[in-house]
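Model the full assembly from the supplied sequences, consistent with the hints where possible.
Those protein sequences? They're chains R and L, same order as listed.
Quick note on numbering: the first sequence equals residues 1 to 173 in this note's numbering.
Quick note on numbering: the second sequence equals residues 174 to 686 in this note's numbering.
Calculated from the structure, these hints are not laboratory results.
Misleading hints may appear alongside valid ones.
What follows is a list of derived Cβ distance ranges for each label pair [said to hold, decoys possible]: (1) L:G465 x R:R84: 15 to 23 Å; (2) L:A335 x R:S11: 28 to 36 Å; (3) R:H85 x L:E563: 29 to 37 Å; (4) L:T520 x R:R105: 33 to 41 Å; (5) R:T7 x L:D558: 37 to 45 Å; (6) R:L6 x L:E492: 43 to 51 Å.
The structure presented is a predicted model; accordingly, all values stated were derived computationally and were not measured.
Ideal Cβ positions, reconstructed from N, Cα and C, are used throughout, including at glycine.
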Amino acid sequence: MLKHILTSLTSGPVTETAPAPADPALAELAGKLDKAARARLGRSLSIREVDAGSCNGCELEIHALNNPVYDLERFGIRFVASPRHADVLLVTGPVARNMREALLRTWDATPGPKWLVACGDCAVSGGLFAGGYACVGPVEAVLPVDLRIPGCPPRPTDLLAGLLALLETSAAR
Amino acid sequence: MYGEEPLFGLLNRIGTLVEGHRPWPRYRLGRDGWLRLIEGLAGNGWSLLGLWGEPKAVHAAFREDFSGDVAVVSLDCPQGRFPSLSAVRPAANRLERAAHDLYGLVAERTTDPRSWLDHDAWGVRRPLSDQPAAPVPNPGPYTFLPVEGEGLHQIPVGPVHAGIIEPGHFRFTANGETVVRLEERLGYVHRGVEGLMQGKPAAQAARLAARISGDATVAHSLAFARAVEAALGVEVPARAVWLRALMAELERIANHLGDIGAICNDAAFAFMLAQTSQLRERVLRTADACFGHRLMMDRVIPGGVATDLPERGAGLLLELVAELRKRFPPLVAIYDGKASLQDRTVTTGFVSAELVTRFGAGGHVGRASGRDQDARRSPGYAPYDELAFEVPVLTEGDVNARVWVRIREVEQSLSLIEQIVTRLPAISRGLDHPSVALDSGRGGEGMALVESFRGEILTWVRLDGEGVVTRCHPRDPSWFQWPLLEAAIGGNIVADFPLCNKSFSCSYAGHDL
Ligand code: SF4
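What follows is the structure, encoded as structure tokens:
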């Protein structure tokens with residue numbers, strides 16, 4: 001164990017350089033954040049993840065953001081346990097009808113200013129599940145969406161680029 | 174005595190064989206036959222492999238564990254009623270409740286008639302039946318099982334949990350810190366996969382199969398593909414068969430690594446998660462480099478595989494195996510040597526051998542409690558009959574045993590990958606394309622059993638003459654593991670629930686469909 005820690009300390013970081021904030025994402029966001037909100041957020045974001053009917057593929061890649069290679073926290077972005085601590089809801093899945101109510105309640109429990117990010121093709125468009133009896137469809141059919149990160153699932157770098165865009169835009173004066 | 178009567182002996186007496194069902198036989202039973210079957214189940218150890226509905230018919234699949242014989246039985250129920258199997262096979266109960274919610278089939282004399290997948294939110298009842306019905310006007314709340322006693326309190330958790338995790342509801346009843354009962358309520362992630370598959374050509378339905386449970390996307394795709402191929406009698410190129418196994422083993426390793434770390438993390442030992450998640454990332458990147466997708470989604474397709482291994486793929490995979498062989502054992506040694514970890518995992522979340530057998534639970538949940546079953550070996554499928562591997566089995570039945578089964582499985586999978594990669598070039602490249610076209614000129618019924626990282630997946634499919642799916646039932650291993658989680662947590666403290674839960678690692682999406 002000690003040996004392991006020493007090697008980790010001396011071998012340098014395993015983290016990779018961050019991708020540039022996604023451009024389309026930036027453009028999408030620029031209009032949505034007002035000055036007051038930017039001042040409130042500063043350079044940190046707390047995210048509450050909500051699975052609204054995902055196949056769990058998106059969750060696996062969101063988890064990967066926390067691994068030492070992507071190390072999301074170095075950007076001031078972290079996942080929190082309660083919507084009450086969150087600035088952002090990161091929503092996955094084609095909003096299963098059985099999850100609609102829970103998603104709405106989680107959104108209501110999130111204090112403003114707050115943003116909603118639709119993560120993955122399912123959340124963006126309903127994906128393959130759109131049109132069935134069991135799903136509402138895209139998240140925006142239920143709640144206003146501020147940022148869309150497509151992909152099935154989005155790669156961790158795509159997620160990172162999207163979230164950094166959110167951070168950059170919100171921190172810009 | 175268990176297993177005295179051969180499964181086929183009984184079925185040949187009480188049922189008639191249905192044509193065109195592959196590779197195992199399907200028997201049509203009359204109502205009397207079905208009742209005889211229930212009697213037979215009570216006296217024999219045949220394990221339930223699945224139970225699924227159709228408008229006006231119900232099907233169930235069984236295996237005689239000793240001989241490996243597998244059979245499907247069907248009962249036409251024009252009145253939409255059938256005698257329940259839940260008294261003799263408790264694992265059938267939730268499947269029967271699901272068949273009721275989707276098809277309106279009523280299980281007579283069931284042990285539990287409550288709805289399961291239907292939360293009164295779809296805007297329709299029994300959506301897949303011949304006659305979907307209007308929703309109930311003012312549905313009452315779900316009734317949880319009653320708990321009585323002095324000093325008990327309830328802790329409701331979910332469907333939105335505190336972490337990055339799928340949704341489901343847990344109702345704990347505790348006496349102080351000790352859990353006296355856990356009741357699960359699932360179905361929140363029901364996306365209607367079975368309904369969406371209907372009427373789609375096999376290639377499109379395969380994309381849905383790949384999204385039943387993202388962490389087992391290769392295994393579910395493989396089960397679906399093999400069921401379709403069985404139905405159509407299609408032979409898959411040898412190279413594709415080997416590539417499929419390669420992907421399946423990569424998926425197994427990636428998930429086990431992630432979960433082993435996460436279990437330790439839930440015991441407040443974050444170091445392990447930091448380490449194993451790096452290894453997991455290594456596996457996913459290699460998968461990406463070799464197959465063009467980190468989770469290898471949509472790479473196994475009916476008829477073969479969607480992508481061949483690139484020229485440098487073999488080298489990358491052997492490098493990965495070498496690196497994991499170097500970096501994983503020291504972590505295992507740390508796991509084994511930390512009293513603070515052992516304190517949380519040893520004897521925690523115990524599941525008895527009797528219970529895993531009664532529920533037919535597979536994967537690490539079954540094998541950590543002594544149930545020596547692995548679909549790769551029995552009934553078995555190619556190319557595993559040509560590969561050397563062991564199926565680790567332990568008997569302690571606790572969180573620690575489930576971790577150790579996974580550790581041993583990682584080692585086995587590394588060896589399997591090495592064997593596959595080194596023998597793959599022997600299969601000629603030019604002549605052997607990675608997939609064949611599905612000849613959709615004939616329909617049929619097919620079934621497959623595939624070992625995912627969490628246990629055995631059963632997929633049953635019926636295709637019409639155009640190659641269009643008319644009914645598909647993918648049964649995730651979680652169906653038979655979720656009920657055991659309720660048993661595992663009893664007598665433990667609430668704070669040990671995350672450990673138990675992670676050591677099971679049941680799929681919500683796979684179960685809810
Ligand atoms: S976008 Fe893809 S990976 Fe994400 S939940 Fe949907 S199907 Fe799964």
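Quick one: are R:H85 and L:E563 within 29 to 37 Å, going by C-beta? violated (46 Å)
Just to be sure I understand the hint, the distance between the Cβ atoms of R:T7 and L:D558 should be within 37 to 45 Å; is that true here? Holds: the Cβ-Cβ distance is about 41 Å, inside 37 to 45 Å.
Could you check the hint for me, namely that R:L6 and L:E492 are 43 to 51 Å apart, CB to CB? violated (25 Å)
Falls inside 28 to 36 Å, the C-beta gap from L:A335 to R:S11? holds (33 Å)
That 33 to 41 Å hint for L:T520 and R:R105 (C-beta), does it hold up? holds (38 Å)
Consistency of beta-carbon spacing, R:R84 to L:G465, with hint 15 to 23 Å: violated (41 Å)
Hint violations for this structure: numbers 1, 3 and 6, all remaining hints satisfied.
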